[in-house]
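K.L.:
Protein chains in written order, with this note's numbering: chain A, 1 to 548; chain B, 549 to 667.
A couple of the hints might just be wrong.
As a list, the in silico PhoX-like pairs of lysine-lysine whose alpha-carbon atoms are at most 25 Å apart [said to hold, decoys possible]:
id, chain 1, residue 1, chain 2, residue 2
1, B, 638, A, 144
2, B, 624, A, 18
3, A, 305, A, 144
Computed list of chain B residues with no C-beta within reach of chain A, every gap over 12 Å [claimed, not checked]:
id, residue
4, 562
5, 566
6, 577
7, 611
8, 651
9, 653
A few chain B residues that face chain A, going by a derived Cβ cut-off under 8 Å, partial list only [unchecked claim]:
id, residue
10, 571
11, 574
12, 588
13, 604
14, 623
15, 624
16, 643
17, 644
18, 647
19, 659
Hints in this document: simulated from the structure, not taken from any laboratory.
Backbone N, C-alpha and C define an ideal beta-carbon position, used for all residues, glycine too.
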Amino acid sequence: MTVPAPISPATRTVDLWKRVGAVLGGEGPLPVRVAEAALLVTGARDATLYLRERDAWIRTGENLAEGAAPEEVPEPLPPGVFRREGDLWIPLEAEGELHGMLRILDAPPAELPENSAMLAFLLGSLVGAHRLSRQVREAEFELKARLLELESLYDLGLSLGGQLDLSALADEVLFRSISLTDAGKGTLILFEESAAVLLARSVGGEVLAAEDAAGWALPEGGVINNAAAAGPTAGMQLGTCEKCLAVAISVPGRRLGVLAVADKESRDGRVLDFSATDARLLSLFANQAAGAIETARLHKDAIEKERFERELELAAAIQRELLPHDLPVVPGLEIAARNVPTRQVGGDYFDFFPLSQGRLGFIVADVSGKGVPAALLVSTVHAAVHLQIDEAKTVADLIGRIDRHLQRYAATRKFLTCFFGLLEPDTGQLRYVSAGHNPALLRHRSGEIEQVRATGVPLGMFPNSTWKEESLVIAPGDLLCVYSDGITEALDASDEEFGLDRLGLLLGAGSPSEICGNVFDAVRAFAAEVPQYDDQTLMLLRRADRVG
Amino acid sequence: MSESCKVSSERRGDVALLWTDGYINNQGGEEIAREAYSHLEQGARALVLNLEKTRIVNSIGISILIEVLERVMDRKGALAFCGLTPTIDKTFRIMGLAQYARIYTSQDEAIRGVSAPTA
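Looking at chain B on its own, in the form it has when it is part of the complex (with noise of 0.2 Å):
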């Protein structure tokens, strides 16, 4: 795993698509709310975040996460996450990230997911 958290994004339609390789702590929150920011800027409707090569998360991260997922939320947009470690999956439960957002496991769902329609 990366010392420092490294994001890289791919837009495929109105999703954006953001992989993380690294601790998710201020650092690696602040680089993922700024590429987050910047597709939504360009429009994007919804996130999903590829948590695979992540194995640590720590409160400062999950605020920052919480902070973009309230922007994508305030746009009416969907915010999803695969890839999770089981301890992350359970963090991010406990920590009421997946009331709003959707946890997937793999990328393909995700993106399938925040792409249907909701109801």
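Only chain A is shown next, with the shape it has when bound in the complex (with noise of 0.2 Å):
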């Protein structure tokens, strides 16, 4: 039988560090493999590593640091090992700086095991090691931090350049804002011009209620209170929350709209405060997302301009097919007629009507206002005349038809002048209705000009009213014109008005087709350059000379 030979001291030490170095480079979190390197050397069952942190002893272990009680770390601390209630406490120093304590639970009541000054020196460097590690990655942390910021302004831009979408381009703002000043909530709000609101966004929670948006007053930089639960921040109650920031998203003349973040987060759930970083970093954001608002909001104006002038077109091309497209051919009657819009759709309207025993009726009525209103009441006269011009018993009769016809239906409150004739070309004999238009020139052939005027007020304009019927006799070769105000009311650069002393004076020389064709060449040249705001029509209706 052989003896087996007995271990010596040395070898026992250096094996028990092997085991050491082992376990301390070993796999898991450093406190855990600190502590099991502790047991081992010091034969302890248990025990736990405490490091200091921003003055405050955190107990580390298996899972998340936790902050340690109350004197669980008796402190002040003596100097060196000591023992205090059974358990063994080691400092962890490194180049003359504490960086944790090493507590040996249960330690047996022995004098200090050998090896501790040996372990002291090492877990220390290591603790102390590790400690600047992550001071370092903190620090590294923080300048990416930095960077992400910097790189975030620079992405911001690239991105909110090209983002249309006013409600994209605020989440894309408030995320940012939010993400970078580690802000627990956020709230973004923008205004119409009209100072209502437009666009409420909040994550996280509201940070102020959107109709109290408005009357904010935020001062270039905008405002800091660390104290919001305390009281009103630029005069306004915040919803809850602790500390908040705000700026103001403005263009030169105009607020935009209110960027507010608030409650900034610590990893130890402190709500911390915001800095003069933290509302420059949001100044930033806030003057970015101010230039392409401003760009949204210019290119929403212009697709809407442009969906207005689609519609405008269309109903510009509808109106056109309202205007007869042939002048009616009726024996004994020289006729010319023509509208001229001064914008796509406008608010004239003329119109023949063919009736039995040869007569024929005609309108020309100019509506109040323009575009598209003014075209669907002229689409409603057109409706109404068409329809009542068979059932109706008289001139008058037809009219009062016609405004109780646009009083019902009409679904714009306009009104509109009118003048409707019913001639019998044999006879020359007109009755007509003028619903405040006006007044329609008559040149006889002597040359004299007859004024005929409104007998009653515009349709449209009040509930049951009548209108007078009038008549008088187109001898032969007289000639009758009917116009809306856009003919005698175009202005020159002066200011003045064509008038119907121009109008009638062109009324003498050609047929009625070369008469309307100087009219208007007459008042083009009047206005020259001028912009005329008002529809042109002119319609004119000469009886033949009796033949012999």
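With the hints in hand, could you dock these two chains into one complex?
P.N.:
In structure tokens form, the structure reads like this:
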């Protein structure tokens, strides 16, 4: 039988430190490895490691670090290794700085293990290096966070530059603002030009109510209120938050919105103060947002304008269809008529209605207003005349029926003037109603001009109105001129109107068709470059000279 | 997007799949860490974090994700992200998360990625 050779103390020591080295170099969180190494050396059953973090002791373990309970670490600390209530406390120091305390729980009451000094030195160095490494990593993290801010500003500029959707734009700005200020919540509100709320977004909770935002007076650079829980910010009471930072989103001369973040987070759950750096960052975001929002708004306006113009073109096409394509051919009458709208859709309307026994009905109407609403009313008048003309007993009855139709069905509350005539070409007998319309001109063969004045108020103006029907005779060679005020009220550069006299002078020479051309040429020459805002309509009827 | 982050998870073999919904801040990060550590304790070797319902991450959330990543690396495991918005993708790359965790476009790719034997 062989007796094993005794193991020397030196061999035991080497073996122990080999095992300590294996534990410290193994897997798992460093604090756990440190505690395991300590147990190996001391022979104790349990150990805890406390690390010094920002003037507080943090108990470290397998899971997340936890703050130590008050007085858990006995302070002031005695110098060197000491015992307290059965536990052995080993300071972990390196290069004169205390990095942590290793607490060996229920350490044997015997004398301190011979390797304690070596253990303290080794673990102290390791924890110190670990702490230093973590500080370096934290500094690196901070540096990366600043880089992220710069990159975000750059990215935001790029991304907002092409972003024309206001809603997506608002999300982008709000998300980045909350993220980069570490805020717990944030709100972005955009205003219409009228200061009404255009859009409101919140993440994590509402920092301020949209209806209150318009009343906020925010100076350039924004407002930091790190005591928001205690009182109002910028004169306004906030939602539930402890600290807030708010900046205005504005372009020169106009505020577009408000961007507010609240409750800056920390890793240990505290709510931190917002800093001037946070305010600068948020202001930069707000400035970038303002430019992009203005661009998006202009784009939206341009799209709406384009859509409006398309609608106008459609309405104009419909209205053109309402005007007669061909002039009626009536024996004994020479007829000319023309309409020149000043916008895509005008408010003038004329029409002819060949009736039984050779009679001819005609109308010239001028609707108040312009654009689509005026076109709708013209369309309604057109429908009403065509519906009622066969039913009406007299011209006055027809005008009354049209008026009632308008009062009942017109989509817009507008009115119109009109001249409706019913002519018997054989006799020249004209029965007419002029509902508030400009005086028609009857140019007699002799050259004398007679004004045919209104016989009642415009249509659609007052309920239950009535119109007086008048009659006159258009003698052979006489010319009746019915027009809209766009002709006589055309303005020149000195704001002078074309007027009835100039119109009257043009009625004497040529056929109705030639006169019509002359009138429009004369009006155009008179107005020259001055833009005209009223439609121009002219209708001419001349009774043919008696043969022989 | 939810006001507070919700985390759900599922185990597929030795891979734990975590879905986040909402802001990854301190609270959201803690939720992720709690769920992740629970799976690691139960033997998961790799984690896949699907962030398709998350549009904001702050620096506290990132620091917690780094802690989770370190814990996984201590255990010689693997961590992958998927479903990142372009902004979060860039944030993770700048903040160094992409240095040790892998980023995939789809969840299936991520699962295959962390399941593949490492060289």
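K.L.:
Of the hints given before, which are not true for this structure?
P.N.:
Violated hints: 3, 6, 7, 12, 18 and 19; rest satisfied.
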